[in-house]
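Enquirer: Residues per chain, in single letters:
There are 4 protein chains.
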Amino acid sequence: MSHFYRLVVSCPDRLGIVARVSNFIAGHGGSITEASQHSDLEAGRFFMRYEILADSIGMSLEELRDAFAPVAREFDMQWALRDTRDKRRVVLMVSRESHCLVDLLYRWTAGELDCDIAAVISNHDDMRGMVEWHGIPYHHVPVAADNKPEAFARVEQLVEELNADSIVLARYMQILPPNLCQRYAGRVINIHHSFLPSFAGAKPYHQAHDRGVKLIGATCHYVTEELDAGPIIEQDIHRVSHCHTPSDLVRFGRDVEKTVLARGLRWHLEDRVLIHGNKTVVFA
Amino acid sequence: MSHFYRLVVSCPDRLGIVARVSNFIAGHGGSITEASQHSDLEAGRFFMRYEILADSIGMSLEELRDAFAPVAREFDMQWALRDTRDKRRVVLMVSRESHCLVDLLYRWTAGELDCDIAAVISNHDDMRGMVEWHGIPYHHVPVAADNKPEAFARVEQLVEELNADSIVLARYMQILPPNLCQRYAGRVINIHHSFLPSFAGAKPYHQAHDRGVKLIGATCHYVTEELDAGPIIEQDIHRVSHCHTPSDLVRFGRDVEKTVLARGLRWHLEDRVLIHGNKTVVFA
Amino acid sequence: MSHFYRLVVSCPDRLGIVARVSNFIAGHGGSITEASQHSDLEAGRFFMRYEILADSIGMSLEELRDAFAPVAREFDMQWALRDTRDKRRVVLMVSRESHCLVDLLYRWTAGELDCDIAAVISNHDDMRGMVEWHGIPYHHVPVAADNKPEAFARVEQLVEELNADSIVLARYMQILPPNLCQRYAGRVINIHHSFLPSFAGAKPYHQAHDRGVKLIGATCHYVTEELDAGPIIEQDIHRVSHCHTPSDLVRFGRDVEKTVLARGLRWHLEDRVLIHGNKTVVFA
Amino acid sequence: MSHFYRLVVSCPDRLGIVARVSNFIAGHGGSITEASQHSDLEAGRFFMRYEILADSIGMSLEELRDAFAPVAREFDMQWALRDTRDKRRVVLMVSRESHCLVDLLYRWTAGELDCDIAAVISNHDDMRGMVEWHGIPYHHVPVAADNKPEAFARVEQLVEELNADSIVLARYMQILPPNLCQRYAGRVINIHHSFLPSFAGAKPYHQAHDRGVKLIGATCHYVTEELDAGPIIEQDIHRVSHCHTPSDLVRFGRDVEKTVLARGLRWHLEDRVLIHGNKTVVFA
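Chains A, B, C and D supply the protein sequences, listed in that same order.
For the record, in the first sequence the residue sitting at position 105 is 104 according to numbering that gives the first Met the number 0, with numbers rising by one throughout.
For the record, in the second sequence the residue sitting at position 162 is 161 according to numbering that gives the first Met the number 0, with numbers rising by one throughout.
For the record, in the third sequence the residue sitting at position 246 is 245 according to numbering that gives the first Met the number 0, with numbers rising by one throughout.
For the record, in the fourth sequence the residue sitting at position 256 is 255 according to numbering that gives the first Met the number 0, with numbers rising by one throughout.
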């Protein structure tokens, strides 16, 4: 089974970046199987993602990183170089709604999500059976109004012990504390419903129904300290009409939420999402 | 060419409405070619729309209205009964962007919009040639910061003289005064861009680009005194990615705006849109 | 918990059908919660579906059927009257691909599919564990080139013993014999991939990739003796590009197949699909 | 106003192509504003498209071509290098249905289609007024069963005299003769309706209605000698239901046809479509 080195770069745009990087790869005999580039002309920033057949390069990942470092410095790059054999370790967090979790577990089982699932953490114990049936550890960390600091300290400790790389909030109905958002910046993915117009407060699907919207949507984004305002990875919608009850909207919402989250997570795992400021470049 | 009577009803939901109405129609020999009904169980309200072959009924529109009035009173109905031969007279209002206007004129020429276009009113003179080439009168009513009351008095006078039934704001970048909104309540249709999240202020497509949204949309709605908050008729979206510049977003926005407005207007003209409070039932 | 009587009717179109039926229901005090009608003017045929609050009618299902029978005769109706408490018994048939089965089981667990799942029948034993974990019986009926008559006799016997009402081919890669198709006409639902243009023969996703299609789709339809030509219930598509490999297409195909099948089955279970000749009316 | 050099390359995939080409561009000081690449791993073929700020290169187009030729030979490239100031000359061909033509003319007027429209050629005289109002020459070349060779000789002569680069069949209901297809291979774009399943013969929308399809579509493709089988550029669909009459399907078909054709033509004009065998790479 082939494995690949994935090189992801973001840097100020200037002459000769592609030439320099592709020369570097060609100079080491690297066979590029997928290449994506983007120049954000307004921001003056350049983004690239290369997938290189690992066997075509006579170097270990460490050696390749060392060799590339001077190029990166020269162009002031933010960069990452990963071996696809080094799977990311992901922690899934969930509350009581299971649709996103079940969908992710199925896709993971089917080989659609290239990661290890280190554990599921939940503030409820409802899904233990289903999760453990998949052979995945389940941690119940109750969260109440009066124990939030302790609860999230426990979550943080768990994530650390589990050696997790990324966190997916698969309908986890709690707000992560700022320190956790910062520590895992660009590695915590959330899914939330979206509407035109948007609705604040409780029961958004009921509000959307009262307003007679014709579309309901979902947005997958990286979590930042500002609630639901982090860089958007993916969005999609589902059409609705006056025929649909609030519970129909909730049901359609589940479908679009799970689809959008699965797409966003897959792209994250494949290093297809590059963050710059509060927006993303997605080489989907 | 067959013509039809269209009966549109909204009333408190209770036993026997359909029986009473369909008996009434059958009792006059009416052949129903299209029937739609909806019970809003939360609101306790019933909506129906019947299309009846006019020749199957041995009565004029006036006679049929008189005959139906007692039924309507019995069930406390809001209702309308129209003859499809009596085309609505529509005034189109436009500023400088022509995409919606051109699209509506083409669809009207192609027979997709069953109405008379009484005139185009614009605060600019740019589109006179194109509009007059279609044989439609063009009225230039400049609007400036210091002449708004006079300008809209002139608009109102024109709409009245033109004997217009409905007004379409086809990218008319001015806010209609409250009295005009009230006078033509449920008969002024607007199109505006929509985003997830939404963006207030100028240059919304540039803001959406800066935020890295993955969808841009448009909403067609009836105009009320509260800006962009009236009952929604139709919405749709177009996918975008990091590859797209602000001007690409503007271009996609044009496409989705014109499509959504044309659909909404068509449904309005065919009496498919029933308003209840701040939402619509659309028998599309 | 309220239950409902669902009346589904198809008959030659003529004057007074709605009046007669709605009089009948109102005459028995029936409160209609959902009503849909359609006149196929080309075919001269009328279709209707009423959902009636059972408690509003002082009659059992049997009594109501007896009372309605004369009305049905008068209008030469094909009709069905069901109590939503009488859940349909469904048999799922599957081969080796699990995506549709897993999706249906999840939706069933989540209450989206109002039926009993009598059993899963498969020509392979792969999914026994997962199915039995859901508490559903699993029957392995191997099918080989030289045992088809016996195998399908066994399938038919099982379906009969299980007292199944409907059969779902959730990626069951075998062709049902004609007698089974006839016996369960209008009650066997299949999902198959669809492309523009269409591709006969093996590995359709690879063929589609070679042809460079920009859309892949899926069609959910009732099974008839003619392969993949029965009445269409639902279709949908997923966009693809040159970036996508054949295995990406297979993956997208899984998503669109499971979504389309779930929608079609739900509508079937809710008596929203009326068949006429080789087409359907879907009151979705 | 900036102009750009567009380099489009297709060649056997091997080590160092990107390095060689980007070195070449960087070596001449070229500032790349957009870069797209694709490796078709099955076909072993590489595709690239670069957009280079012309002013950043101190060479004329001719000089740049001469300088690049050795690189192209080295890698056995099919390639083109164009200056965006050299607009393509396009001939539009149309029969009696105007929706695609009107849409293209509007987009062209709005600056969405970067080309010169050399003329409209039609086998009918219906649209002369509208076309000439846009300031575009109109040529009426009647085609009848008994004059096809003469008619198409006249078409070919016109296209030649008009010095046209590309031909768009915007609902031109005639089949081009093989010699014309060959002569303008990869430069004749057609739009045709598409259905699942597909329908041969006359009145396809009526056939689709009879079959009860839930989607109607359109395909934009390059014309080859084999009817409707050339490389696909773009496809899209529109949802339909049993409510829709054949004339509704025709109307939706017009919308999807014009949208898909406009997208396909825009990509063609921007050199975003690379043909390989019977499929395309579209750097949209």
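One or more of the hints may lead you astray.
Identical chains share a label here; the pair holds if one copy fits it or two copies do between them.
[Stated by the list, open to error] Dumping the calculated EDC-like pairs for lysine to aspartate or glutamate here, alpha-carbon to alpha-carbon at most 20 Å: (1) K202 / D145; (2) K202 / E41; (3) K202 / E160; (4) K86 / D39; (5) K86 / D113.
To be clear, the hints were calculated from the coordinates, so they are not data collected in a lab.
Enquirer: All the hints need checking, so say for each whether the structure fits it.
Expert: Cross-check of the supplied hints:
1. Neither within a single protomer nor between protomers do K202 and D145 lie at most 20 Å apart by alpha-carbon distance, with minima of 24 Å and 44 Å respectively.
2. Taking the shortest Cα distances, K202 and E41 sit within 20 Å of each other only across copies (15 Å), while inside one copy they are farther apart (39 Å).
3. For a Cα distance limit of 20 Å, the shortest separation of K202 from E160 qualifies neither inside one copy, at 36 Å, nor across copies, at 45 Å.
4. In the homo-oligomer, the alpha carbons of K86 and D39 never lie at most 20 Å apart, since the shortest distance is 30 Å inside one protomer and 26 Å across protomers.
5. With identical chains, the CA atoms of K86 and D113 are at most 20 Å apart within one copy only, with a shortest distance of 7 Å there and 40 Å across copies.
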